[in-house]
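Take the given structure of chain Y and dock chain B to it, following the hints.
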Amino acid sequence: MSRISDYESIVGADVINELKMVARKLKNKVIQNINSTSVGGGVAEILGRMVPLLQDLGIDTRWDVVKGGEKYFQVTKKFHNALHGRKTEITSDDYEIFLETTKTNIEQMEFYGDIIFVHDPQPVALVEKRKYLKSRWVWRCHIDFTYPDPEVWKFLKSFVEQYDACVFSAPSFSRPLPIRQFLISPSIDPLSVKNRDLSEEEINDVLKRLKINRDKPIITQISRFDYLKDPFGVIEAFRQVKKYVDCRLVLAGGGAIDDPEGAKVFQEVVEKAGNDPDINVLLLPPASDLEINALQRASTVILQKSLREGFGLTVAEALWKAKPVVASAVGGIPLQITHKYSGLLSHTVQGTAYWIRQLLHSPGYATRLGENGKAHIKQNFLLTRHLREYLLLFLSLEEKEDIIYL
Amino acid sequence: MHKKTGRLVKAREPFHFYTRLNLIEFTGKKATNLRELVEIMKEVPGSVIYHHTHHYLQQHLYLSPEPPNDFAYWVTYILREDELGEEIASIDLCEFSTIRSLREKIIETIEQHLAQNPEPLRTALPGGEFHFFKTITFILPTPYVAENLLEFLESIKKISIHSIYFHMFEAKLRLEKGENDFSRWVEDMLGEKELAEEITRLDPYTFTMEGLRGELSRLIAKHIPGEIIECQE
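Chains Y and B supply the protein sequences, listed in that same order. Note that this note's numbering numbers the first sequence so that position 293 is 293, with each residue one more than the last. Note that this note's numbering numbers the second sequence so that position 60 is 60, with each residue one more than the last.
Keep in mind that the hints are not guaranteed to be accurate.
Claimed, not checked - Quick list of simulated restraints, FRET-style, between CB atoms:
1. Glu-215/B <-> Tyr-341/Y: 16 to 26 Å
2. Tyr-73/B <-> Pro-150/Y: 28 to 38 Å
3. Gln-350/Y <-> Gly-128/B: 14 to 24 Å
No wet-lab data here; the hints were simulated from the structure. Quick reminder that beta carbons are idealized off the backbone N, C-alpha and C, glycines included.
Bound-form chain Y, shown alone (with noise of 0.2 Å):
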């Protein structure tokens, strides 16, 4: 488990120093993160390094997890997807599900946080429950808030605007709220698994267990099997790519309890890439974490073609490894990304492929972009700088004032 003061020779002890004084001003409040579960997706990975180290500046975090039933599951699936603006059909029964299963947690839940933080859309009607308590509320949405169906959105409005305030990642996510509305862009941990340096002997021995050659360039994509993240897009530009470069393509990810669709999605996509033996696809198990940095290292470059993005935070990890991306212009991307300087933002599959060519012929652009990537990721996206907006975030709640003298 890593301690705060592990960061101080990749940040700098003047970051954990400023850290440890905000700290002190929150030591006897309860922070209560809730979200929908504990293993798979960015949340449970953000809260799984984030709450050991709220612990260990001292302040008392705490982390539970809401309980629900594979209908329920399915709902907030539907509700994920028309939240990223996916046309999705949502019933009646649906929202009966979803406040039914709300009540049980609320009834069965202990509420204990003296701030209570929700993650995402499924726990959010938690919030009835603020009526019977003094604590403060703040709901946290990961995902890309830029087109939300407008029933979902309205119906989960209805619950957003009982919180003190709520968070997004990025600012075309922000709604018309009667509620305060922070900005604080997630962040990735450079100390974990999936980000810590390797040997090239380790990268080695995960892509040969993977049965992955290293004989060609490597082009990868890290992500969930979801439409969302156009796994299809990224072969049909792969295969323009290959007319003119002999290359190999790696699709790799792994599935989250909370989305059912996964299973469905990874069938279509191995359908699609046929026999093609420079074709990998490969369904990772949950803590994949040394594959999927592995992956990342070996490759040539990376990409992110999602067709809408909570943050993207894959892109954070690739450029981190110095890496050269390419990655569509949505949600949170442009964010981590300024086109051409740390990385390059496409919008089509042709503009994808076109992107590819030229950072496998031009070696030396991609190193430079990837560079300026790692660069700009050491800055603005690790866990501390995420760590501190949290904590800036919690104290806020009690001030009014721009200006703030702690």
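Coordinates of chain B only, in the frame set by chain Y:
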């Protein structure tokens, strides 16, 4: 180059280094064309204008010494009004000691453009709107204190970039002290008028933050005697 020999003057009052940490809050307001931009700029709090003229600097100035502000960026890259974008980008932030006067200058620049080019207004496509944010600033003391120029230099080398940022930018413009804290202290408390002027003359907006730290260190070191005899009360 150090002064050859001399006494290290003890300050009449020590310099306490502070730092500042920021949190970004949405205002819920957004503009799709220049007229809307100007109207909203007139009504938002100063912390919104401060945010859009300084946050880019904090996020990117670690890497490259380019001082764009959000207004200039949006006008140039979203509305494609290159000439106006350049005019806004080149407004010399060093010249302003209040957010109010900076706000008036940007508004005046846009309104002049609108008077000369009234119609048709260019409109941002959906997704390209200008979203207004504000910066919530938390100011806190650091353990670093300097009683003479040598301690001052040592602290400058150790403090966070946020602390340098606070004393060089925020103290002057946001807290409206008129000048940066470093110049004021070295002149008022140490009598180092020349050093104070050298620091005042720095254009902090054209350095990377580490570059600024290096330049401050170089200027201060120049005024420290090479062979220090003793502290002078």
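- Non-conforming hints, listed in increasing numerical order: none
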